[in-house]
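Number of protein chains: 2
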Amino acid sequence: MLSTMQDVPLTVTRILSHGMTIHGKSQVTTWTGESEPQRRSFAEIGARAAQLAHALRDELGVTGDQRVATLMWNNAEHVEAYFAIPSMGAVLHTLNLRLAPEQLVWVVAHADDQVVIVNGSLLPLLAPLLPHLPSLRHVVVTGPGDRSVLDGAAPRVHEYEELLAGRPTAYDWPDLDERQAAAMCYTSGTTGDPKGVVYSHRSIYLHSMQVNMTESMGLTDKDTSLVVVPQFHVNAWGLPHATFMTGVNMLMPDRFLQPAPLAEMIESERPTHAAAVPTIWQGLLAEVTAHPRDLSSMARVTIGGAACPPSLMEAYDKLGVRLCHAWGMTETSPLGTMANPPAGLTAEEEWPYRVTQGRFPAGVEARLVGPGGEHLPWDGESAGELEVRGSWIAGAYYGGADGEDLRPEDKFSEDGWLKTGDVGVISDEGFLTLTDRAKDVIKSGGEWISSVELENAIMAHPDVAEAAVVAVPDDKWGERPLATVVLKEGATADYAALKAFLARSVAKWQLPERWTIIPAVPKTSVGKFDKKVIRRQYADGELDVTRL
Amino acid sequence: MLSTMQDVPLTVTRILSHGMTIHGKSQVTTWTGESEPQRRSFAEIGARAAQLAHALRDELGVTGDQRVATLMWNNAEHVEAYFAIPSMGAVLHTLNLRLAPEQLVWVVAHADDQVVIVNGSLLPLLAPLLPHLPSLRHVVVTGPGDRSVLDGAAPRVHEYEELLAGRPTAYDWPDLDERQAAAMCYTSGTTGDPKGVVYSHRSIYLHSMQVNMTESMGLTDKDTSLVVVPQFHVNAWGLPHATFMTGVNMLMPDRFLQPAPLAEMIESERPTHAAAVPTIWQGLLAEVTAHPRDLSSMARVTIGGAACPPSLMEAYDKLGVRLCHAWGMTETSPLGTMANPPAGLTAEEEWPYRVTQGRFPAGVEARLVGPGGEHLPWDGESAGELEVRGSWIAGAYYGGADGEDLRPEDKFSEDGWLKTGDVGVISDEGFLTLTDRAKDVIKSGGEWISSVELENAIMAHPDVAEAAVVAVPDDKWGERPLATVVLKEGATADYAALKAFLARSVAKWQLPERWTIIPAVPKTSVGKFDKKVIRRQYADGELDVTRL
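Protein sequences appear in the order of chains A and B.
Positions 1 to 548 (full-length UniProt numbering) are the ones given, in order, by the first sequence.
Positions 1 to 548 (full-length UniProt numbering) are the ones given, in order, by the second sequence.
Next comes chain A alone, as it looks inside the complex (with noise of 0.2 Å):
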């Protein structure tokens, strides 16, 4: 028995034609670094973005679901993108600024672009590789920089404002099927080549909703939110659809990133919420700690990208500002979870809720599975692999215009949960915490081993820098803990020491056989320990590993 219920389908569209009317007065506000920023309603942003619409189909040729590229910082202009391209029904690629060039030449080949656009200040970035870029039929620019890098580049280069300019400010959407792709974006996996996300509209759109759940962000258009997340990093968190669905005002840096400027636009424009990983935090944190400033407008940060360590949600929360947790991936839109503490609980109650990485939205099903492939209670104890399903979660990877879709196995289980590879527990109430990256636990007889328990154990010891644990093959057991320790200066523990202080903490079958002293553990270029380079130096031999 069907219902009776009209068939509408959730798009991108009807987010944008709902922002620009009933919340057509909220605005985006984009920092310049000049004495005002710009300012643009949504009801200008709308009318842009059906002009920008004309211009891509008339002027440039976009056609049916062709991609379009931006490579962009948070700004006006990149919301217009964001809902000009996947309401016309073509493909929005957000591309990450961040990525090595030769990744970025692969992504476009691979998303095969017919268009770019480009915030003027990141030309240098581009025009170096436009000769790579076959696919790339025009190159549209934006914003302040220098054009003349662009000089005899192959594709056409248009102005953004010229463009748009006297072109029509509506625009006959067409109907779309809500599990049309919308908007996609490549994960930079440290191995193997960068792997497709394909967001839908129907994914995008409800996802928008879980954002404005109370539970969730639950922003209205009484609030306005600091996008420091990146647009090019899983759609800026879902954040530009979101705002644009209840009116929330939006706060764009462009490409002022820096603590000064951040301290300085969250002063004067006062939002209410905000969005960065950890490190944007610290910084401002510094920077304020320097030279003071007025934070205390933003009641609610988001937090998310990495784990966020607790002395910094301290210090926030002494000026005022509440961080709480989220996580997520690009794979989940990203989000997976957030770290609203249960109802009736004191200051000191709620911390070890605020810790975590947080609860699950009904949007999101979550299951933990174990070194054997067993499906582990939510006990808070039993730790295993986090497996999860839902509207907005990946089911694959973009195969490529003539591609079948990619399910790996390592990242896609046979009934078609998404492998997040991160390893946890989750307790009674639902709440999750994460402890390692599921190549980074040592599977011990059947058994897991956390590597970051160990090596947090480890470091608690006084003599210790910095100490890494990574698995290491072992005949009888399948694998065992390499323990890697870099002792502080003038530091005299031997390894007997080390493994006795760490019995006092961990359980005996968990203790390391292998322990070796190192300089320093190696890192990756963001600052993680790279337990990729420990494995590889003790396969060739290369570390003088004590046992005992």
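No wet-lab data here; the hints were simulated from the structure.
The structure presented is a predicted model; accordingly, all values stated were derived computationally and were not measured.
Note that beta-carbon positions come from the ideal geometry of N, C-alpha and C, so glycine has one too.
Keep in mind that a hint or two might mislead.
Stated by the list, open to error - What follows is a set of in silico ranges between Cβ atoms, one per label pair, in the way DEER data are often shown: (1) B:348 x A:314: 34 to 42 Å; (2) B:36 x A:343: 17 to 25 Å; (3) A:445 x B:61: 45 to 53 Å; (4) A:57 x B:7: 26 to 34 Å; (5) A:277 x B:292: 48 to 56 Å; (6) B:162 x A:296: 54 to 62 Å; (7) A:350 x B:269: 18 to 26 Å; (8) B:260 x A:320: 37 to 45 Å; (9) A:416 x B:283: 48 to 56 Å; (10) B:283 x A:320: 39 to 47 Å; (11) B:343 x A:277: 27 to 35 Å; (12) A:296 x B:7: 39 to 47 Å.
Add chain B to chain A, keeping to what the hints say.
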């Protein structure tokens, strides 16, 4: 190009499994009229819903998408039925216990209900009808009430608790299409047969997200919602589903809907939110004026079903309780608008927004259609019939087991929008103000005259007790207004004086030519002006009409 997102259906089953796990500790509290209310956790509700589904399938033989009716107050057992029936693939049919007996017989037959779950206290209503309800194979009774009235009833009678006892507390819920029927509700129109609205899993899921969005009711597990609006009335405005989605505690009044017990349960259980029609809040206000009670926990109240007198909103403001207007109907699930004012206003500036019907969420598209079928601007002045479109809006009525869906021309536009039958204006900020029912508007020479505006203007005259204005046929203009006036005792105003008074506030072309003084305005059973009767009296020549 399709997206790479997972294809996960939006189902009531998912809301249930989320609520009973992540929010397993949230509670449904049902008032019993005794010293202690009944308290049941979401986890228990979920376990009992599984038991109910087993009983319905294994014991009562409910299969496929058969209809299971409820004739119940708001209570925990009714919530169990809300989740068990749709999740097993069957269809929940909530019977409106205020329907006339012949209408109840009609809707049970039309829906082909197989089973009815009934509160013991409602058996005196059901028992005499049973001989006329041949589709009902089983009657399941729950809660207090004399069972002897069922003696000799043809269908098999079961005790709810006995039926559940000992059955498995988990159920292997089937995979369902999100467009499948989940629940149905008949509208009790004043003319013709009741019309069946069939909600889908998808419509209920999306509506639940909207209810929990901060711009709407904005509920979380920190809230307790007092659900006074009956579960047989548009799914209690979607609250049982919305609360399970985010863990909102529910306070259920069962049959204790009188002002005194409502005041008592608010003072002792301290709900933070409530939902009911204006008459409930009027009765409660009189009660707490006579017998003071602390209602201050209930900071937010959703009020709908009829326009709320501004005086009532002011009176509750003084008690620290904010009434927020919502508009909707059975055909709109029901959330159509909510009157949350825009940001940055003083209490005084908020007032003109609070007395509107409110603003549309992104999920509800709206348009105003004028007398000639033209679409009218949102200028706060152009009055037209409101038509709406969206995923939780009906596009047809149920045609019965063997019939096709019904799409009467006066209820659905050719392009599938719902004609609400309400006439009003929309401001440029998207706030809706309703003025008339479409059938009460006077269509005069291609323009519309608001009967409500004329009535209010006439009733402002000091000699007038009541006035009702109806459309009557007119050879030249199509329709013209007829003013029927009830004078106060001893008043002396004549027709000319009344017309002159009216001319001060109304455009000349809107002034009625036909006037009659009557002893009283005919009223419906719920106290509304019964304009059908006046139109018939006029047509039959029963009124003494003066033309001037």
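So, going through the hints one by one against the coordinates:
1. In this structure the hint that residue 348 of chain B and residue 314 of chain A lie 34 to 42 Å apart at CB holds, the actual value being about 41 Å.
2. Between residue 36 of chain B and residue 343 of chain A the beta carbons are some 22 Å apart, a value that agrees with the proposed interval 17 to 25 Å.
3. Checked against the hint of 45 to 53 Å, the C-beta distance between residue 445 of chain A and residue 61 of chain B comes to roughly 51 Å, which is consistent with it.
4. For the pair residue 57 of chain A and residue 7 of chain B, the supplied restraint of 26 to 34 Å holds, since their beta-carbon distance comes to about 30 Å.
5. Evaluation of the 48 to 56 Å hint for residue 277 of chain A and residue 292 of chain B yields a pass: the beta carbon distance comes to about 53 Å.
6. In this structure the hint that residue 162 of chain B and residue 296 of chain A lie 54 to 62 Å apart at CB holds, the actual value being about 60 Å.
7. At about 24 Å, the beta-carbon gap between residue 350 of chain A and residue 269 of chain B stays in the expected band of 18 to 26 Å.
8. Residue 260 of chain B and residue 320 of chain A have their C-beta atoms about 44 Å apart, which keeps the hinted 37 to 45 Å range intact.
9. Here the CB-CB span from residue 416 of chain A to residue 283 of chain B is close to 53 Å, well matched to the stated 48 to 56 Å.
10. Between residue 283 of chain B and residue 320 of chain A the beta carbons are some 43 Å apart, a value that agrees with the proposed interval 39 to 47 Å.
11. Against the hinted window of 27 to 35 Å, the Cβ-Cβ separation of residue 343 of chain B and residue 277 of chain A comes to about 28 Å, which satisfies the hint.
12. Checking the proposed 39 to 47 Å range against residue 296 of chain A and residue 7 of chain B shows it holds: the Cβ atoms sit about 44 Å from each other.
Taken one by one, the earlier hints all hold for this structure without exception.
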